[in-house]
Amino acid sequence: MSSVLIQVLIFLFFASIRSATPLIFAGLGGLFSERSGVINIALEGLMLAGAFTAAVVTYQTGNPFVGLFAGAAAGGVLALVYAFACIYFQADQVVAGMAINFLMAGLPALISGAIYDSSGSTPQIDKVDQLPNYFNNISFASILAFVAVPVCWYVLYKTPFGLRLRATGENPGAADAAGVNVIKLRYTAVVISGVLAAIGGAYLSIGQSSLFTRNMTAGRGFIALAALILAKWRPVPVLLACLFFGFTEGLTIVLPNYLKLPSGEDIPIQFIQIIPYVLTIIVLAGFIGSSRAPKALGIPYRKEN
Amino acid sequence: MKILNEIFWPLVAVLAAFVVGGIIILAIGDSPIHAFSLLLSNSFGSAKDFGWTLFYATPLIFTGLAVAVAFRCGLLNIGAEGQLYVAAFATAWVGIKFGGTVVNGESWAWANLPWFVLVPLCCLAAIVVGGIWGGIPGVLKAKFGSHEVINTIMLNFIAIALVSYFTQYHYKIPGDPILESANIGEAAHIPQLNQYLPFIPHDVPLNLSFLLAILMCVLVYVFLWKTKWGYELRAVGENPSAAEYGGISPKKQIVLAMTISGALAGMVAIGEVLGNRHNYYDSFSAEWGFWGIAVALLGRNHPLGVFIAAIFFGVLMRGQIFVDAFTPRVSKDLGQVLQAIIILFVACLQLYAVNRRQKAAI
Chain W
13 MSSVLIQVLI
23 FLFFASIRSA
33 TPLIFAGLGG
43 LFSERSGVIN
53 IALEGLMLAG
63 AFTAAVVTYQ
73 TGNPFVGLFA
83 GAAAGGVLAL
93 VYAFACIYFQ
103 ADQVVAGMAI
113 NFLMAGLPAL
123 ISGAIYDSSG
133 STPQIDKVDQ
143 LPNYFNNISF
153 ASILAFVAVP
163 VCWYVLYKTP
173 FGLRLRATGE
183 NPGAADAAGV
193 NVIKLRYTAV
203 VISGVLAAIG
213 GAYLSIGQSS
223 LFTRNMTAGR
233 GFIALAALIL
243 AKWRPVPVLL
253 ACLFFGFTEG
263 LTIVLPNYLK
273 LPSGEDIPIQ
283 FIQIIPYVLT
293 IIVLAGFIGS
303 SRAPKALGIP
313 YRKEN
Chain L
114 MKILNEIFWP
124 LVAVLAAFVV
134 GGIIILAIGD
144 SPIHAFSLLL
154 SNSFGSAKDF
164 GWTLFYATPL
174 IFTGLAVAVA
184 FRCGLLNIGA
194 EGQLYVAAFA
204 TAWVGIKFGG
214 TVVNGESWAW
224 ANLPWFVLVP
234 LCCLAAIVVG
244 GIWGGIPGVL
254 KAKFGSHEVI
264 NTIMLNFIAI
274 ALVSYFTQYH
284 YKIPGDPILE
294 SANIGEAAHI
304 PQLNQYLPFI
314 PHDVPLNLSF
324 LLAILMCVLV
334 YVFLWKTKWG
344 YELRAVGENP
354 SAAEYGGISP
364 KKQIVLAMTI
374 SGALAGMVAI
384 GEVLGNRHNY
394 YDSFSAEWGF
404 WGIAVALLGR
414 NHPLGVFIAA
424 IFFGVLMRGQ
434 IFVDAFTPRV
444 SKDLGQVLQA
454 IIILFVACLQ
464 LYAVNRRQKA
474 AI
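Residue numbers (the working numbering), protein chains in the order written: chain W, 13 to 317; chain L, 114 to 475.
Keep in mind the hints are simulated off the structure, nothing from the lab.
Owing to the predicted nature of the structure, the values given are computational and were not obtained by experimental measurement.
Among these hints, one or two may not hold up.
[Said to hold, decoys possible] Pairwise CB distance ranges, derived in the manner of DEER restraints:
(1) Glu119/L <-> Leu92/W: 26 to 34 Å
(2) Val290/W <-> Asn225/L: 32 to 40 Å
(3) Val140/W <-> Pro290/L: 36 to 44 Å
(4) Ala230/W <-> Gly135/L: 30 to 38 Å
(5) Gly360/L <-> Tyr270/W: 50 to 58 Å
(6) Lys307/W <-> Gly142/L: 45 to 53 Å
(7) Asn149/W <-> Leu292/L: 32 to 40 Å
(8) Arg442/L <-> Asn149/W: 49 to 57 Å
(9) Lys307/W <-> Tyr358/L: 15 to 23 Å
(10) Val252/L <-> Ala190/W: 40 to 48 Å
(11) Asp289/L <-> Tyr169/W: 36 to 44 Å
(12) Ile195/W <-> Trp338/L: 51 to 59 Å
C-beta: ideal position from N, C-alpha, C; glycine also.
In isolation and in its complexed conformation, chain L is listed as follows (with noise of 0.2 Å):
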């Protein structure tokens, strides 16, 4: 019965987002059919199809396992774009510093560590730098009360425009008209999954962080209902004051969760740099950060329920690349849009969830 309720209200919100995606789509001259046909039968087709659709459910696996740590504690983090941001450019610069890395004969390397040194110290990057880049709003709530919300907003802001300095003037091949860094040492490169897995097409990009992305899904369960710290992250989260009147200090739990919110955020790197793009690349992310708050709402912040999630979104951002080449009049704004009303579905039908429970527990 728990389980029905679990799913039966993302449902709801889902079709009913598919309603009002559909009055838009007539509104705006197009077929909502044909819209949505491409929207959803370009991922599942072939294994070439659904391949890129894990590839592009990957980050938001990621991305949403962050928000949902973070809204287990009662935050809302809007900061796993600017998270994951740094945490890129950090991977990708350890990448360069350690691996080897030369531009033009000149080497920009300190060193060049074997892979089984290097691929772990790019993924401490990544981890260490997105939790300290998630936890500075944490410290920033827990020790002045500013909002969340308001201050990993403006830390995206800051993020990105960091990067983007460091990349421009330091860390850009001279010349190179694109805004990216010079490439990581190949000893920093993981594997694709196609050179194990000989059904997935040589093409897709789907890489190991996939599996890592499941592992974290397993590992944020065991660490929230299984541990001491989850339990009592989860308790400042249902109710602070009575958690901090239980011996809990909601402070220490609010600085923890934004820490381990932005570390989930910053593993986007490690597909992305090590195993995708293999350098950073300036506004390389499809705002995976926003997407995961659909995705942990979604999947009721719940790591079974954002995997689910993840590869729905995972679809609709295959889909809606179809959609814009093969519509008319439809860009491929619609998968933002759907994503959207999807968030203010899930938060509106919560009353009735919520409410349902309580009746079926009297």
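Just chain W, same shape as in the assembly (with noise of 0.2 Å):
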């Protein structure tokens, strides 16, 4: 038994942590935004952004590194418009979250359909020019991931930055009073937000697979944001509950290979997908009980004259 079984769980090992890759940039670009009070629905669509953007500019390029940065910008950009219709417009943060969603869910498509005359994806990029693996099938984004975990918890825990936006996010009123620019604060913490995010999708499109297509997220921007919760919006947590939602997404993978019905036959790939799905809802059902958001999330900050 032993031998198959190592080899399976390494198989899901790596799977996992490659799943979990995008996850993580995505949570934590939540964190930020979230700790700053604004609410971070639109995580799938920045996420989408910064895949769009990578995978063409890659494919233009050739480089995968040039396309990771101008990802990363597109979802800064895409982050910024967001940020004011929820800062300057206070508009209801959920649903202006989803505005950015739909958007993501068509203009990619446009414009691939107006360049390449296909609205369904990109053209495929060379092996040689997607984002390098190291030690084993490591992505170089996997890595980057682990490293963004220390640093953003060196940010918003160690920096006069980080304490700021963390008391902007319970209490605007107060921080504002000792002398924060809520506004800008809040700014800031969404760009930044959208450009964590957008290098999360730059990995699914020119790291996990070699092209753009619609909707490819399917959902893990929303899953990030279950993991936020999960993980009370702290740094070190959000990478274990990225890795959990990794691990079921990598059980997707490896189920069907190893797992068969009773009869032989194999499990109907439908019943496969869904596993991440069910458990984020049961997670955040069983642990939000115990879970406290931010004082401010959600509610747009009026000075007071």
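Once you've looked at the hints, go ahead and assemble the two chains, each given alone in its own frame, into the complex.
Encoded structure:
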């Protein structure tokens, strides 16, 4: 038994890390935005912006790092639009966030339809032009994700910026009285959020696969949000929660190869596909009670005169 | 004055969306005027055009009402898509099992009921199954406090996968290359309107469900503004803690709102399965559940507004096909992009709409 089992476990381990990578970036992105008091339902759309831009730029330049950078920048710009709606116009953050998601369901298809004459996907990127892998198939992006976690922790808990950001999410009035520019800080936090989520999306199109396809994030932005809630809005638990959800996605890759129905037939693919979604609902229902959101989350800030 | 205010801001949002959409079309190297004239001119020109527009608007009226009822309770139902999927499968299932469906000489049915029993039974299946699927995130929110947006999105993926499984493994005609169920019995078909209205051409599949959609607009209005339950539902949406203080249980209203919302979304199945396709067809929905959000927002979550907004988006849905075919570069995703920008602008302008009203009151 053992050698097969070890093989399976090793495979599962690497599959989980690969699947967790985009979630970690999106989760950390959501962390910045939400700790500053802005809900980020738009993670899905921000990831798609990163995925699409990275795929196009990598295809055109042949350089995945330029593609990654362009993807991150696109996420930042789109997040600025979202921030403008939420902060300047004080739009309902959930509704505005969904608008960003819908926009990114259509806009990439519209653009790729115009430049590549194919609204379904972008052209295939050569293997050599994709993000490189190191040590037994660990992507550059995965390593970056694991580095990003302690960096985000440090920024949030050990720098004046992080302290102000957390204060803004808990009590913007008090932060303002203490001299924090609440508005500017929230803009910054949302843009950071967009950059991080977009890097996660870029990994999907130029690391895990070799092209952008319509809605390729398949709900990962929302799963990252669930991970953020499960992690009680803290960086290191975000990593663990994302690894857990990555593991459930890894299962969907591993299970069909090793587990059959009693009749010897394959388990219907649909039952495998829904595992991450079902677990997200269960975990959210089971742990949300013990989770406490930042106090000012979702409330637009109005300066009192 | 109030009505003017209700119409003015949605119009501003639509116009602004067309301006931004025009810039995008210009940027991808096409003519905005050509694209927009294609988008709008193929919708009202003839009885045929208008019939098609109403046909596209019908599912949007149901999903728009679904989202609006949830919104009135302070909930965002992004799960209408999943709700209409499970409802459509359930409707087709009843139509097969009780409609005397025979496949390759073998009966798949348990019974062969007459139309006056079968049609209501199919409709009931759509409403009940849609309602249950919508009620689940309601219960999850009421019982555990988990956010309905995440749960409804997850349930969309689950719904689509589950009905695809049942279709593929149990209700597909063997050898059919398309992922669709066997046909429902003929007694379950509902009539197309061209049978009664001679000015609607025969190739326009506008059916009885359009009249049902209008009826539902009226019923939703009566429910929300003329009944105690509707009042309580809206009270929770306005201010949950004040409602609770006033003796209303927000949890009960959340479950009720989500269940009604799911049932309304499920009614899409009546027009599509009983009136149009006559089977369950995988990916039959043109993302109506998501478009319903734009319909509800643009219609200010009022049944009359939803009706008008649904026709407007019906125009976009029909028009985008022509844009796709007759412009060199713009694809039919233009509709989706405009829809997203409209939602964003409506959300942004809400502030102005509310502030104006408050100022007017003083």
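These are the hints, each one checked on the structure:
1. Distance hint for Glu119/L and Leu92/W: a CB-CB separation of about 31 Å, consistent with the stated range 26 to 34 Å.
2. Between Val290/W and Asn225/L the C-beta distance comes to about 37 Å, which sits within the given range of 32 to 40 Å.
3. Separation of Val140/W from Pro290/L is about 37 Å and conforms to the stated range, judged on CB atoms against 36 to 44 Å.
4. In this structure the supplied range 30 to 38 Å holds for Ala230/W paired with Gly135/L, their Cβ-Cβ distance being about 31 Å.
5. Distance hint check for Gly360/L and Tyr270/W: the Cβ-Cβ separation is about 56 Å, which falls inside the suggested range of 50 to 58 Å.
6. Between Lys307/W and Gly142/L the Cβ separation comes to about 48 Å, which falls inside the hinted range of 45 to 53 Å.
7. As the Cβ distance of Asn149/W to Leu292/L is approximately 34 Å, the hint placing it in 32 to 40 Å holds.
8. The beta-carbon spacing between Arg442/L and Asn149/W, approximately 39 Å, falls outside the hinted interval of 49 to 57 Å.
9. At about 21 Å, the CB distance of Lys307/W to Tyr358/L agrees with the hint of 15 to 23 Å.
10. For the pair Val252/L and Ala190/W, the beta carbons lie near 42 Å from each other, so the given range of 40 to 48 Å is met.
11. At roughly 59 Å, the beta-carbon separation of Asp289/L and Tyr169/W lies outside the given 36 to 44 Å, and the hint is violated.
12. In this structure, Ile195/W and Trp338/L break the distance hint of 51 to 59 Å, their C-beta atoms being roughly 38 Å apart.
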